[in-house]
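Listed here are the chains, written in short residue letters.
Protein chains: 2
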Amino acid sequence: MSLSFQILKTVGKSRRGKLTTAHGIVNTPAFMPVGTCGTVKAMMPESVEKTGAEIILGNTYHLMLRPGADLVAEMGGLHKFMNWKRPILTDSGGFQVMSLSGLRQISEQGVSFRSHVDGKKFFLGPEESMDIQYKLDSNITMAFDECTPYPSTEKKAMLSMQRSMRWAKRSKEAFIDRPGYGIFGIQQGNVFKNLREESAAALKEIGFDGYAIGGLAIGEGQEKMFEVLDYAPDMLPASKPRYLMGVGKPDDIVGAVLRGVDMFDCVMPTRSGRTSQAFTKYGPINIRNARHREDPRPIEEGCDCPLCTNYSRAYIHHLQKCKEVLAVMLLSWHNIRYYERLMQGLREAIENDRLDDFVQEFYFNQSKGDIEPL
Amino acid sequence: MSLSFQILKTVGKSRRGKLTTAHGIVNTPAFMPVGTCGTVKAMMPESVEKTGAEIILGNTYHLMLRPGADLVAEMGGLHKFMNWKRPILTDSGGFQVMSLSGLRQISEQGVSFRSHVDGKKFFLGPEESMDIQYKLDSNITMAFDECTPYPSTEKKAMLSMQRSMRWAKRSKEAFIDRPGYGIFGIQQGNVFKNLREESAAALKEIGFDGYAIGGLAIGEGQEKMFEVLDYAPDMLPASKPRYLMGVGKPDDIVGAVLRGVDMFDCVMPTRSGRTSQAFTKYGPINIRNARHREDPRPIEEGCDCPLCTNYSRAYIHHLQKCKEVLAVMLLSWHNIRYYERLMQGLREAIENDRLDDFVQEFYFNQSKGDIEPL
Numbered sequence: 000m001s002l003s004f005q006i007l008k009t010v011g012k013s014r015r016g017k018l019t020t021a022h023g024i025v026n027t028p029a030f031m032p033v034g035t036c037g038t039v040k041a042m043m044p045e046s047v048e049k050t051g052a053e054i055i056l057g058n059t060y061h062l063m064l065r066p067g068a069d070l071v072a073e074m075g076g077l078h079k080f081m082n083w084k085r086p087i088l089t090d091s092g093g094f095q096v097m098s099l100s101g102l103r104q105i106s107e108q109g110v111s112f113r114s115h116v117d118g119k120k121f122f123l124g125p126e127e128s129m130d131i132q133y134k135l136d137s138n139i140t141m142a143f144d145e146c147t148p149y150p151s152t153e154k155k156a157m158l159s160m161q162r163s164m165r166w167a168k169r170s171k172e173a174f175i176d177r178p179g180y181g182i183f184g185i186q187q188g189n190v191f192k193n194l195r196e197e198s199a200a201a202l203k204e205i206g207f208d209g210y211a212i213g214g215l216a217i218g219e220g221q222e223k224m225f226e227v228l229d230y231a232p233d234m235l236p237a238s239k240p241r242y243l244m245g246v247g248k249p250d251d252i253v254g255a256v257l258r259g260v261d262m263f264d265c266v267m268p269t270r271s272g273r274t275s276q277a278f279t280k281y282g283p284i285n286i287r288n289a290r291h292r293e294d295p296r297p298i299e300e301g302c303d304c305p306l307c308t309n310y311s312r313a314y315i316h317h318l319q320k321c322k323e324v325l326a327v328m329l330l331s332w333h334n335i336r337y338y339e340r341l342m343q344g345l346r347e348a349i350e351n352d353r354l355d356d357f358v359q360e361f362y363f364n365q366s367k368g369d370i371e372p373l
Numbered sequence: 000m001s002l003s004f005q006i007l008k009t010v011g012k013s014r015r016g017k018l019t020t021a022h023g024i025v026n027t028p029a030f031m032p033v034g035t036c037g038t039v040k041a042m043m044p045e046s047v048e049k050t051g052a053e054i055i056l057g058n059t060y061h062l063m064l065r066p067g068a069d070l071v072a073e074m075g076g077l078h079k080f081m082n083w084k085r086p087i088l089t090d091s092g093g094f095q096v097m098s099l100s101g102l103r104q105i106s107e108q109g110v111s112f113r114s115h116v117d118g119k120k121f122f123l124g125p126e127e128s129m130d131i132q133y134k135l136d137s138n139i140t141m142a143f144d145e146c147t148p149y150p151s152t153e154k155k156a157m158l159s160m161q162r163s164m165r166w167a168k169r170s171k172e173a174f175i176d177r178p179g180y181g182i183f184g185i186q187q188g189n190v191f192k193n194l195r196e197e198s199a200a201a202l203k204e205i206g207f208d209g210y211a212i213g214g215l216a217i218g219e220g221q222e223k224m225f226e227v228l229d230y231a232p233d234m235l236p237a238s239k240p241r242y243l244m245g246v247g248k249p250d251d252i253v254g255a256v257l258r259g260v261d262m263f264d265c266v267m268p269t270r271s272g273r274t275s276q277a278f279t280k281y282g283p284i285n286i287r288n289a290r291h292r293e294d295p296r297p298i299e300e301g302c303d304c305p306l307c308t309n310y311s312r313a314y315i316h317h318l319q320k321c322k323e324v325l326a327v328m329l330l331s332w333h334n335i336r337y338y339e340r341l342m343q344g345l346r347e348a349i350e351n352d353r354l355d356d357f358v359q360e361f362y363f364n365q366s367k368g369d370i371e372p373l
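These protein sequences, in sequence, are chains A and B. Here the first sequence stands for residues 0 to 373, where the numbers follow numbering that gives the first Met the number 0. Here the second sequence stands for residues 0 to 373, where the numbers follow numbering that gives the first Met the number 0.
Pulled out of the complex, with its shape left as it was, chain A reads as follows (with noise of 0.2 Å):
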């Protein structure tokens, strides 16, 4: 085992950790913004390390159409290509050859598919994803797994799962360990119990130095999701980080924190910059809204990101009514930075044994709205 995992302290089920690699430490509970193509979108990574963001995610699978893992290998590893230094969270390229790529094939061996970007044949399998993720130099790699998707019969998630834990295992038998590194295995079995409990004995037998929690978020919605997650993360490890992938909004988080996990990734956060939505203390907004075209306040008083110091909801406005970058580049750090304060926040919380009024404060501001207009 590879990677440090030390839990600082725990209140219920919430635990307060710290994950050292050998590009740094995570603090958890840690959300990490999505790089998927070797970018944070719209972000410098200087200003993505000033948001608070300890560890990013990059995606396998579209690094591996473009540039390719061999190039990135060349010139020295993911940190170096992108200028990033911390930690770095490969995905495994399952859960995006199901739902980007073409003509897929999927066999025991692995997948078969065509680009989504020039319709190339690619193939895909444990030993494929370990091989590119050792190449890009990602200090958290992911098992290969299949993503059952929801709503499934208990039977194909079955079949699904039981597929997922044997490459879990090839996977494992692949990754080549080296200090600083390590590879979580990914718990699957849809909404049913039984199998995620067949599942987390599978990925313990293998032996992982992280668990993720995979196969949520993907339309379940979040009563369905918090009835797994009130158990699923207690059939993992207790020593080691759990990680609950592709979640999600602040207010997922905040009950997955609740019920055990440690990490999360979400493009959330960058995307919603991109549709000119902004994360607020009370809720989101949307800043094309008209009612912000003369308003000079910030998008959020207290919030000390570049936008909410330094311009007013009509400066972001008036951006986003020209289409300037400006407004992409901004609202995207402005809702990194909101994620990386909800997760400082939470470890305080626990931290300081206050975790229940931060969460009824998180709730009730978050139904509050916003700011009354002017």
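Derived from the structure by calculation, the hints contain no laboratory data. Hints are supplied without guarantee of correctness; some may be wrong.
[Said to hold, decoys possible] If you want the ones that stay clear, here's a sample from chain A, every Cβ over 12 Å from chain B, calculated:
hint, residue
1, G37
2, G75
3, K79
4, D233
5, P305
[To be verified] Subject to a maximum C-alpha distance of 16 Å in a straight line, what follows is the list of computed EDC-like cross-link-like pairs (lysine to aspartate or glutamate):
hint, chain 1, residue 1, chain 2, residue 2
6, B, K79, A, E293
7, A, K49, B, E45
8, A, K192, A, E153
9, B, K322, A, E153
10, B, K79, A, D294
11, A, K322, B, D233
12, B, K168, B, E126
13, A, K79, B, E222
14, B, K280, B, E300
15, B, K192, B, E126
16, A, K79, B, D294
17, B, K49, A, E45
18, A, K171, A, E204
19, B, K320, A, E204
20, A, K280, A, D233
21, B, K320, B, D294
22, A, K320, B, D117
23, A, K367, A, D250
Here a beta-carbon is modelled for each residue, glycine too, at the ideal position from N, C-alpha and C.
Add chain B to chain A, keeping to what the hints say.
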């Protein structure tokens, strides 16, 4: 006269000057990045400042349409609105009314037109232009003028120039003088020396804080432009800054500085950033070109911008292939920094009496072409 201009040194016709405004000093020869809609495209204002730019240009035409001068005034002026603390020069709107708007009707009073954004009707004349630039809180207001198209008959160029001179007088009369703010007149006359002379005389009679050379870089080509610049700057008062509007390519600027011009603005560095072009010591390159795909070297060895310091050509090539915003952000930064380094080089060369050497070296390097492929 409310702007002070000091000439520190002269070499041949070239001048090393210092223009003092309410928002700080501009060292000349100076290049002004263009911030059309209240933002230098794809740049944080902090980053624009880091390039060494001491002044930027804002566009009256664009800002009057969106968000409107009154709104900018309510928000505390353009500096505060866009978070740019250094000096701002605004054009008069005349040029863009002619090139962008629809259904123009020009009269002695000014120009009626329809917005290119939403077809709304507007009127812009000298008094309106002064009022807008006052509301924007522009440090350097430009007199309202008409840019005669190229080619034009001498008759047409004369009538147009003479009207521009009447407009210049009305502009000066409508301009509200205050410390650290000033107004520049604009010489017209197309490529006709006698008209340039007549225009210069009219402007000097009115009296301005600075003098622009308008009506060039509109398709006449560098040779013709330099022919005009061989005499036009000399017609303007030696003690005041001379500004060549809308110029230009790096070698246009070098040639114009040799002919006695002090200030420049151009969209080229930011626009080129959006089309994957990078300016370098050895001439422009296009990073889209396949030869950069696996090139680990910076775009320009020795350039101190974030792009050249932290990233390979291969990375920028990859970003632009994936249409990532960061490509535009980094290329815009590099290109503005390139321009600002060029201006810094010109200023130092004048100071140190080595302008001839500098210019020779510049042309020699530019003609060399890009470094050899690996």
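So if I understand the rule, the pair passes when the alpha-carbon distance is 16 Å or less; does K168/B with E126/B pass?
Within the cut-off at roughly 10 Å; holds.
Agreement of K320/B and E204/A with the hint, judged by alpha carbon distance not exceeding 16 Å:
violated, 43 Å
Measure nothing beyond the straight line between the CA atoms of K192/B and E126/B; if it is 16 Å or shorter, mark the hint as holding.
violated, 29 Å
K280/A and D233/A were given as a pair; does the straight-line alpha-carbon distance stay at or below 16 Å?
Between K280/A and D233/A the Cα gap is close to 30 Å, so the pair fails against 16 Å, i.e. violated.
Would the pair K49/B and E45/A pass a check requiring their Cα atoms to be no farther apart than 16 Å?
holds, 15 Å
Verify the proposed pairing of K320/B with D294/B, using a straight-line Cα cut of 16 Å.
Holds: K320/B and D294/B sit about 15 Å apart, inside 16 Å.
P305/A clear of chain B by more than 12 Å, beta carbon to beta carbon?
violated, 7 Å
With the threshold set at 16 Å, check whether the alpha-carbon distance from K322/A to D233/B stays at or below it.
violated, 42 Å
Proposed proximity, E204/A with K171/A (alpha carbon, max 16 Å)
holds, 11 Å
With a cut-off of 16 Å on the C-alpha distance, tell me whether K79/B and E293/A pass.
holds, 14 Å
Quick one, are K322/B and E153/A close enough, alpha carbons at most 16 Å?
Not satisfied, since the Cα-Cα distance of roughly 41 Å exceeds 16 Å.
Given pair status - E222/B, K79/A, alpha carbons within 16 Å
violated, 45 Å
Hints 1, 2, 3, 5, 9, 11, 13, 15, 19 and 20, counting from the list given before, are not met by this structure.
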